[in-house]
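Take the sequence shown: its letters are residues 0 to 373, numbered as in numbering that gives the first Met the number 0.
Check the hints yourself; a few may be wrong.
Mimicking DSS-like on lysine-lysine, the simulated pairs with C-alpha atoms at most 30 Å apart in a straight line are [what the hints assert, rightly or not]: (1) K68 x K84; (2) K84 x K16; (3) K29 x K68; (4) K76 x K321; (5) K68 x K80; (6) K209 x K243; (7) K238 x K209; (8) K344 x K321; (9) K238 x K321; (10) K16 x K80; (11) K29 x K80; (12) K29 x K76.
It is worth saying that the hints were derived from the structure and are not from the lab.
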Amino acid sequence: MPLSWNEIRSRALAFSKEWAGEVREHAEAKTFWDQFFNVFGLSRRLVASFEEPVRGLSGSYGFIDLFWKGTLLAEHKSRGKDLSKAHAQAIDYIQSLAREGRSDELPHYVIVSDFARIALHDLEEGTTHEFPLAEFHQHVNRFGFIPGYKQHKLEPEDPINIRAVQIMGDLHDALEAGGYSGHELERLLVRILFCLFAEDTGIFERESFKLYLEDHTKPDGSDLGPQLAQLFQVLNTPKERRQKNLREELAELPYVNGELYAEALHFAAFNHSMRGTLLACTRFDWSRISPAVFGALFQAVLEPRERRQIGAHYTSERDILKLLGPLFLDDIKAELERAGRDRKKLQTLHDRIATMRLLDPACGCGNFLVISYR
0 MPLSWNEIRS RALAFSKEWA GEVREHAEAK TFWDQFFNVF GLSRRLVASF
50 EEPVRGLSGS YGFIDLFWKG TLLAEHKSRG KDLSKAHAQA IDYIQSLARE
100 GRSDELPHYV IVSDFARIAL HDLEEGTTHE FPLAEFHQHV NRFGFIPGYK
150 QHKLEPEDPI NIRAVQIMGD LHDALEAGGY SGHELERLLV RILFCLFAED
200 TGIFERESFK LYLEDHTKPD GSDLGPQLAQ LFQVLNTPKE RRQKNLREEL
250 AELPYVNGEL YAEALHFAAF NHSMRGTLLA CTRFDWSRIS PAVFGALFQA
300 VLEPRERRQI GAHYTSERDI LKLLGPLFLD DIKAELERAG RDRKKLQTLH
350 DRIATMRLLD PACGCGNFLV ISYR
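Sequences and hints are given; from them, build the entire structure.
This is the structure we're talking about:
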């Protein structure tokens with residue numbers, strides 16, 4: 000039976016006081032984590048290991064500071080070090096685990112610490128909670144997964160999470176095994192991703208992509224490639240230039256500019272299983288996508304050589320926001336505050352935002368641009 004929350008808070012307060020002045024990562028980090036787990040009445044040795052080896056892109060091994068398979072990955076730095084770098088390193092390790100086929104070991108949570116601060120990242124929810132060590136006792140409920148307390152969350156739909164990325168990876172691998180590979184494969188997946196996102200965010204009619212696949216493709220998947228090609232062609236054509244005898248569900252789709260669908264691709268050959276995998280992707284709520292998490296994990300789907308070619312290097316949301324603040328967000332927030340309820344000033348600000356253009360010349364998975372837009 001887990002400890003009571005009062006007991007856990009008492010232990011957390013004592014833990015914070017004991018570690019208040021520690022600075023040495025290599026000398027004391029392991030003891031720190033052993034005692035951290037003890038706060039929750041759990042022996043670290045029963046669930047988690049230190050220095051878990053994982054092979055990186057270069058072929059050399061890195062070592063995860065602390066790893067609880069399927070639940071938690073922790074990275075520790077010396078006091079004063081940048082926790083965002085520790086988080087980025089943790090995401091790199093997660094990508095490596097995915098590349099090694101260790102999907103069942105992918106963690107739900109990442110914790111990073113420098114003794115002075117602790118940051119908890121929920122990868123499935125896309126949330127981060129960072130606080131000083133001295134306030135640990137005020138945040139222990141967020142770590143309820145450690146002692147085994149059930150996390151209560153209201154989720155009307157299955158949220159986009161690591162499993163959705165794994166399914167996309169399965170689709171990628173199946174297409175590649177069938178001989179559909181390289182640039183065309185990656186382009187196809189990006190187009191499909193846009194459709195999944197669009198039908199859950201109001202760009203398309205709700206479930207229009209899902210219903211198109213279910214109603215107008217054969218169960219064996221044999222005509223799925225040509226049907227997708229027609230769909231993409233329609234999306235690339237302004238409404239006034241579309242053929243008059245298109246099916247209504249195609250004719251009503253919006254025009255998607257930006258040339259996402261402009262390039263002509265060879266048809267991809269699907270089978271029954273691959274069609275089922277694609278339909279499984281439509282059952283997630285893609286409107287709840289976290290670019291900072293998904294962008295990193297989606298890289299594990301891409302073939303490493305191709306990823307290097309397009310420069311798809313993951314940048315954390317925290318680091319992106321550090322740049323966006325002084326670049327334009329701080330100014331916009333200040334102008335919004337000055338405008339108050341003045342309709343004319345608000346319209347001026349709206350018009351200004353509508354004319355803004357942002358460029359990411361090293362765009363890989365698009366984290367910078369999507370977070371900027373959001």
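We went through each hint and held it up to the structure:
{"no.": "1", "hint": "K68 x K84", "verdict": "22 Å, holds"}
{"no.": "2", "hint": "K84 x K16", "verdict": "26 Å, holds"}
{"no.": "3", "hint": "K29 x K68", "verdict": "17 Å, holds"}
{"no.": "4", "hint": "K76 x K321", "verdict": "20 Å, holds"}
{"no.": "5", "hint": "K68 x K80", "verdict": "26 Å, holds"}
{"no.": "6", "hint": "K209 x K243", "verdict": "23 Å, holds"}
{"no.": "7", "hint": "K238 x K209", "verdict": "21 Å, holds"}
{"no.": "8", "hint": "K344 x K321", "verdict": "27 Å, holds"}
{"no.": "9", "hint": "K238 x K321", "verdict": "40 Å, violated"}
{"no.": "10", "hint": "K16 x K80", "verdict": "20 Å, holds"}
{"no.": "11", "hint": "K29 x K80", "verdict": "17 Å, holds"}
{"no.": "12", "hint": "K29 x K76", "verdict": "12 Å, holds"}
Of the hints listed earlier, the one the structure fails to meet is number 9.
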